[in-house]
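S.K.: Here is how the chains run, residue by residue.
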Amino acid sequence: MDLTAETDEHSQELKRRSETSPAEGAIERGAVLRGVATSDDVDVEITDDETMIINMGPQHPSTHGVLRLMLELDGETVLRCKPIIGYLHTGMEKTGEDLTYLQGPTNVTRMDYASPLNNELVFALAVEKLLELELPARAQWIRMLMAELNRISSHLLFLATNGMDLGAISMMIYGFRDRESVLAFFEKTTGLRMNHNYIRPGGVAADLPDGWRDDVLRICDDLPVHLDEYDQLLTGQPIWRERTQGIGVITQEQAIAVSATGPILRSTGLPWDLRRTIPYLFYDQLEFDVVVGTYGDTFDRYAIRLNEVRESIKLVRQILDRMPAGDYRAQDKKVTPPPRARIDESMEALIHHFKIFTEGYKVPEGEVYVAIESPRGELGCYIVSDGSARPYRLHIRAPSFVNLQVLPHLLRGGLVADAVAVISSVDPIMGEVDR
Amino acid sequence: MSDTDVPAGEVAVEEPALIHGFPSSLSHGQLVVHVDAGHYLELVTALRDDGYAFCADLTVVDYLLAIDRPMPTGVTPERFEVVVNLLSMDEGTRVRVRAQVPESDPTVPTLFGLYPGTEAMEREAYDMFGVVFEGHPDLTRILMPDDWEGHPLRKDYAVGRIPVQFKDAPGPR
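Just so you know, the sequences run in chain order A and B. The first sequence maps to residues 1 to 435 in the working numbering. The second sequence maps to residues 1001 to 1173 in the working numbering.
For reference, chain B alone in the conformation it holds in the complex (with noise of 0.2 Å):
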């Protein structure tokens, strides 16, 4: 992503349509509002008083590798993004909300208030990739062992590995 070019499938970054005052872009056809953490939970919000009742997904990506992504106007790009994917079940529609999370201060509002159902993926976000979400009435790990050190998910996690007996590694006896 260290082109500076807008990719192919992503229009209306030069001049953002605004949903609830932040700026929106299309991704293939599908709607995205960009968002930085401090207006998070307004926006969903919002979103949710739209008609956008059900959350059908909430992941986080580290874009430490890509952080000059492309991004509308008006968006400054932070190292992690709490992606949310909501769905208004009256009228079909989908809309994708995208947070910055700057990498210093990794803490956004929990949705559980607005949507229950993202308990079990706030703390899969936060057990894979660290971003803490402020008000989760149980913010524990929920794929790793408790004890477990780092997010595997981040970006800098190296994908590790399982030590194999060879001929040059010192056998267990």
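Next up, chain A with everything else stripped away, as it sits in the complex (with noise of 0.2 Å):
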């Protein structure tokens, strides 16, 4: 049997340099806003003799999950790079064709599986634009308490995975236990760690559980003092920023350019965060600062999401004082099904919930894009509906999948090393990049 022809990906693949044409290889030099191949290159002379094409990944640790780059090397230096991706493509926005509105979110919370709520509220949110339903405002507010704790337990990830990357091994058990607090009120709250089905189109699954003040509190006031641990840990330490400060850096003007959103485009000092700039919920109730960085470097990006989860703590905290009681979703009849209670007393009621479970609601004729601001950034979805059950069309805008195109540019130049730095600061989901 011969693996490398079962395993290649043929014009996928990165290529030498004297078959790859002027374009294409300005895209894998990272040459974004420099368009083909000039004179003062560093590597114009170089030829096919001298460099060498490596595989990192798909199975390489420090890619999380199944990210293939095909690195071109002069010695030690990235000259240029390819993501290649796809690996763990499984359909979904086919998938989301054949599932009701009902079922979607179980379909959407799977694809960014580091922050599952985000998922769910994009997907719910673009429903109900197209539905036109009001949501009582306790739904709202819960999913504004879901997605801030998930913004909390998902930079917590990436400050853990980040940590083990560049070799502080105890970070990331540091990073892990504290997600585990999020993700055991995640668990209370919705019945699972991961791939709750809490949002859904007219509200939240459930209400909040008995005692959540007091296990949100608990999170509040434990996380900021592990916080500034982390700061002493890593955020002063020399080596630390060593390995982080100046590597990987990205402009401004070419971070809009390849449509790069979240932490990489704040950390170019650019203060886009959809919750201030395109409010959605009530987040323009509350208030909280929008984090940016000077430089666009590894650390910058890094720095930005340890405070991220600084202003997602604030945020809670006000989100706690503000819970209004009411409704945990719309009472409407053609969304919701009826309660359980109606169900043993009232035939009507069961056809009802029969109904809404097995052929789902109809949504009216249209099409709606909706964006919210996920931890990594820009997270959309487009939804076209022809009246029926089910979507017509469900496209989710992922953000790391448009992030990733950051990382030909970012590597460029550098050592093999800070790659796994660079790529692990980019920090991409591929669930969500292969959907």
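In case anyone wonders, no lab produced these hints; they're calculated from the structure. Be aware that a few hints might be false.
To be verified - Simulated crosslink set (EDC-like; lysine to aspartate or glutamate; CA at most 20 Å straight-line): (1) A:Lys94 / B:Asp1156; (2) B:Lys1155 / A:Asp98; (3) A:Lys188 / A:Asp207; (4) A:Lys94 / B:Glu1149.
To be verified - Every beta carbon over 10 Å from chain B, so not counted as near; a handful from chain A, in silico: (5) Arg16; (6) Arg241; (7) Phe401; (8) Gly413.
Here the structure is a predicted model, which is why all the values come from computation and not from measurement. Ideal Cβ positions, reconstructed from N, Cα and C, are used throughout, including at glycine.
Reassemble the complex: the two chains are provided individually, in unrelated frames, and hints are given to aid placement.
M.R.: Structure (structure tokens):
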């Protein structure tokens, strides 16, 4: 069996210099704004004989799943890079066309598995926009609470893996420890640690459990102490700074050109956060700072995520103070199944329940694009409805998928060892990249 | 979409306001501009010069099963639609371009020159729908294997099944 032939990606792969067209090579060199090769490029004189093309991934521990990078190296310097993706592609957008709007969240929640609640949120917001459904205030505040907690858990996962990638193994254990405290709350509320199917069109699946306020307060009290410890462990530490500062630099212009969002865009100094700039839910009523960087390097992206955890804790505390009483889902008979108690006494309620869960509810014709700020950037959902109970087309604008395009630019001219730091700082979630 | 009635969320279908000479509509409060494949690049260039400097998303919809969908006057619905979501970061506003691409010649010019970030998105759209983006520097499949046949998100592409062993199916031994 010829393994090379079996695993070959043919034209998707990084080709030798002599076989690469100038335009294609420009992308691989990360020449986003520079266009095709110019004579002052460092490697313009280098021929195929002097370089080596190697694979990093898909089974490399620092590539966060199944990201495969083909790197062209001159010694230890990365000259060209091409991300090869699709190893986790399961056709989730096609699957989404086969699931009713009620089943939809179970599908989208599996895309970005580090922040599932954000995926459910954007799907639910898009469907509700098509339905023109008004939600009770409590449902929206619960969504904000869960989305912010999810941002915390996602950024803690980033801190853990980022630390591990750079050799700070203890950070991995601390990060996972703190993330677990948030996931424990998720489990109590939604029944699952991940892939919750909690935020659904029409509200949320269940009200917050008894004692939720104490649980959330405990997270809010414990975390800041731990975050200060991480500051001591990493932020000010000379080795950490050596490894991250000035590595993988991107400018604001370049980040906008390649449509990068989230911490990558903010690390260049642009305070672009959809929670602030195009607010959804009740974010316009809350006070928080948009954390930005200055240099657009790996350190900035690390520091932004660390401090965004602090901002999210601030937000969670405000949400706790303002959580209104009321219903946790819209009492719209079309979308919401009848309460469990009614099913025992009313035949119509039973039929209604059965209909909603088998046929689903119909959504009026139309198309809508909704975007929210996920921990990784702009998470968009484009739904086309043909008036039936299933989306005609479901498209998720995955921030990781688009953000991966900065990699050739960030890696160029750096060392292979720095590549590990840079990939980690882009924080791609392959489930979302490949969908 | 067999109904000829205008759907509830869409207004201004009868008398569309023109944006750069192209009909527009509001879909649930979101600004949509309709264009044909020939003027697609011209419109997006004009919008970029208006300040829509950020291309948030590019995707394709296959309207094979809903070809008679309601459209503003002056727009001929085609099988494929290239949908581009542009964003103006100064204004905080979005605009959506829906370009009609005929089945007989599913080709549109690439936006790579305007927005280098569309590189991966156009590759995905090509991979999933077979819409060709002319002038794209590296138009290859991105999610599917290179030797894959067909374009999976097209409506005439079946979901497919993995053969599972049941009692009536012959076993492996």
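S.K.: Which numbered hints does this structure break?
M.R.: 7
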